[in-house]
Amino acid sequence: MIKVSKFIVLFLIFVDIILLGYILIGNSNISVLNPQGLIALKERNLIIIATLLSLAAVVPVFILTFLFAWKYRENNSKAKYDPDWDHDTKLELTWWAAPFVIILILAVITWKSTHELDPSKSINAGTKPITIQVVALQWKWLFIYPEQNIATVNFIQFPDRTPINFELTADAPMNSFWIPQLGGQMYAMAGMGTHLHLMADAPGEFAGSAAEISGRGFSGMKFVARTSSQADFDAWVQSVKESQNKLDLPEYNKLAAPSENNPVVFYASAEEGLYNKIIMKFIAPASPDASQGGPSGGNMHMQGTEH
Amino acid sequence: MMAFIFGKLTFAALPHQWYTLGATFSIAVGGLGIAVILTYFKRWKWLWKEWLTSTDPKKIGVMYIVVSSVMFFRGGIDAGMIWLQQALSAGGSHGFLTGSHFQQIFTAHGDIMVFFVTMGLLFGLINYVVPLQIGARDLAFPFLNTLGFWLYVAGAALINLFFVLGGDFAATGWLAQAPLSELQYSPGVGVDYWIWSLQVSGLGTLLGGINFLVTILKMRAPGMTLMKMPLFVWTSLCSMVLVISVFPILTVTMGLLFLDRFAGFHFFTTGFGGNAMLYTNLIWMWGHPEVYILILPAFGVYSEVVATFSQKRLAGYVSMVCATIAITLLALLVWLHHFFTMGAGADVNAFFGMMTMVIAIPTGAQVFNWLSTMYKGRIRFFTPMRWFLGFISTFTLGGMAGVMMAVPPIDFQVHNSLFLVAHFHTMVIGGALFGIFAGLTYWFPKVMGFRLNERLGRYAFWCWIVGFFTSFVPLYILGFMGATRRLDHYDVSTGWQPLFMVSAAGLVIIACGVSLQIVQVVVSIKQRKQNLDTTGDPWNGRTLEWSTVSPPPFYNFAIIPKVASRDAFWEMKQNKKSKQEKMQYEDIYMPKNTAMGIYVAGFVFLVGFALVWHIIWLAVAGLLGATICVIIRTFDEETEYVLPAAEVAKIEAGRNTNG
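From first to last, the protein sequence lines stand for chains A and L. Residues in the first sequence are numbered from 0 upward in steps of one, following numbering that gives the first Met the number 0. Residues in the second sequence are numbered from 0 upward in steps of one, following numbering that gives the first Met the number 0.
Next comes chain A alone, as it looks inside the complex (with noise of 0.2 Å):
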């Protein structure tokens, strides 16, 4: 009976890692190892490394315990049995250092890289960035291009090899701003702006999308970033200037009511200084006559805040 048991076991672990092979290799795309920009490569090559650092300890453990439980089983008369020994100095001293040393060059790596991979920190490439202004809405990405002035709703699309500067806020619960394959993600807050700086090495279109939960539509608030060349992105501001939709405050009021599965849409131009007045809103104490205009910018006639 154990020994059938104990067949089964192996056969269901052989199983197991022959479906998560087979899956594994079947599927080439894991975005956070597979980067394809600046910021992600060096990200992964942290966790790289800190797997690397981690195996360090995690190896001799496994092998000692289950050596240990091997050669100290109760039937193996051989062993060496000592039941009062329960201390030694230098061995002690070993176990707290051991990590110790492993944690202290984990932690010389994590300051410096904190601090060079610092979202906020602008990359230098040589060339000119890009600034995109996102808002996390219910449910979708609105993105503002201030130097082209022109908006996007779900959709990205940006020169390769050219850094760009996400500025980041909600008009909604808070949500995460999130492209696997360019790099980590960075919070959207409502009241509050945040930067992200993010490079893509090639031409190509990458998923993203809104990672922390925001309410009933946030699993279809998916986005897509594509990279191109320089004349291409050229071309497609071009095209999206083209486009009959405009972006004043009538139209943002009526784009940032609930919704779900939001389609694409592209806007020929945008309110001046949305961002801005997006975050204002909430840290303007709404007036009566906010509708009219003041001087703390919190004249979007705004409706939500109150409840």
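It is worth saying that the hints were derived from the structure and are not from the lab. Each hint should be verified, as a subset may be incorrect.
[Stated by the list, open to error] Sample of chain A residues at the chain L side, in silico, Cβ under 10 Å:
(1) Thr50
(2) Thr64
(3) Asp231
Quick reminder that beta carbons are idealized off the backbone N, C-alpha and C, glycines included.
Chain A is fixed; fit chain L onto it per the hints.
Coordinates of chain L only, in the frame set by chain A:
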């Protein structure tokens, strides 16, 4: 008038979805079934007098474990629905759940598994074992203990109440992150159910924390200095220190959120000076130490199990204690690593990342000390020892993932992804839950007087291990594929579906393990004669709980043992003094049973319910009732009774002749 009497509760709110109707039906049938059985066997009075009103920590411990096991099924069914939905819902198929229903389920799954299963099971173990291990007859505050337990039960009832009385549960994730949990974005009563069920049970946890802290510090047997305490007592003590330090933060945070929702305050709202990041900070200042509240007692169990089954002293006792204390302190200093991605500066992120890694040092030292304990031991592979080896396999994997996520730039890439989900399940299942299983198997003969069936326990263990890896390794990979957590639907083109299916298959294997555990208990009860523990010491144990008979008498020890060293009982056995020659019994003071805990918790339950539905008069009445009960209790001066020495002698003699 109706609004005054019923608040927001209307007929329209009563259950009408298939799942609430189904749950209401099964609760009704289950309740009726239990009532019929109790009436048929005339057990009502017995139940009330022997169990529900008991102040005996052993009985309260058992009740904790029973309630948590019931809640485990609720949380487990939730888990099954989550996995099934995610395995099915790709591309054109949208699974069998709506987005909002799915979100309620994973929220409830998280809250139930953390607050009502893991916490409940741990409090059950601590209640049963700690007094026995420190050679005490009772807790410092017996009434507080029954009150704490009944508040926990009231919380558990509140979190399931929407099935019966309508409304919905929070669809916000298990920590109800603001501003999503604010009225503006979550207008239903779901978040209020969340607030009040956790508020009520959290109060119970806090009372338990105070009680056990004082008990461990003040009620130890003579001779048991702090450095002679068993490791499980040490880790429980540290866990309780954390409970007392951080549960008030949770209470206040949820209180502020309630004020926002109920009275139009703006602590965490968007706009009007509210700051949602404040909520995130506060909830994780509680939330991270909570992880260690769960894991520390499990570490204690492993220390007991490894020493006992290696038949050897625990190696490096002093350094184990230091490591436990270090983890306790560090647990309070790392909360920010839950939101590196909120744009804090590099200095802040780096500091918290490094502090997080530092925890790996004492944890690593503990693991190595467990290995040293096995070294030159005589290891017997009973089920608890297997759970320990399973824990080493899972915990090292989870620890690796944890160290990775402590590096902020790596965290940017895995935060909010299934990698994170896999990591904390590895820690909570592989760390805390396996420890609880080890503890339950280890102390089961003490509680019941017979051992659990070994073979079935082994099968269950293997199902859990295989199921665990099948279920969670795919989640690590999915995280690297960019799969975020909590998705009720995704595109086929992502290539995630096969992995979700493997993961769901793993859950089926785990479910087999759970079924085997149930069979194990049933079979063990049937075959109890074969596994009887007549000595009180079935494992050749080392600590004081094994010096009593199994199950122990209600006063635990007829004569309070005198402790001269660590592993007190082991020493006694070595010196052959476990059976003292001359029994000089004394009068024993024991706490009386009291129903006041049930009444107070009942009133608090009403307050919680009333505040969910804004029924002000009921909230006031409930508060008044609870207060009056507490006042009455404080005037009750006869809370103890004397068990005369002659009576003790009679009980002990009676057992000796039977045994």
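Evaluated hints:
no.	hint	in the structure
1	Thr50	7 Å, holds
2	Thr64	5 Å, holds
3	Asp231	23 Å, violated
Checked against the numbered hints given earlier, this structure breaks only hint 3.
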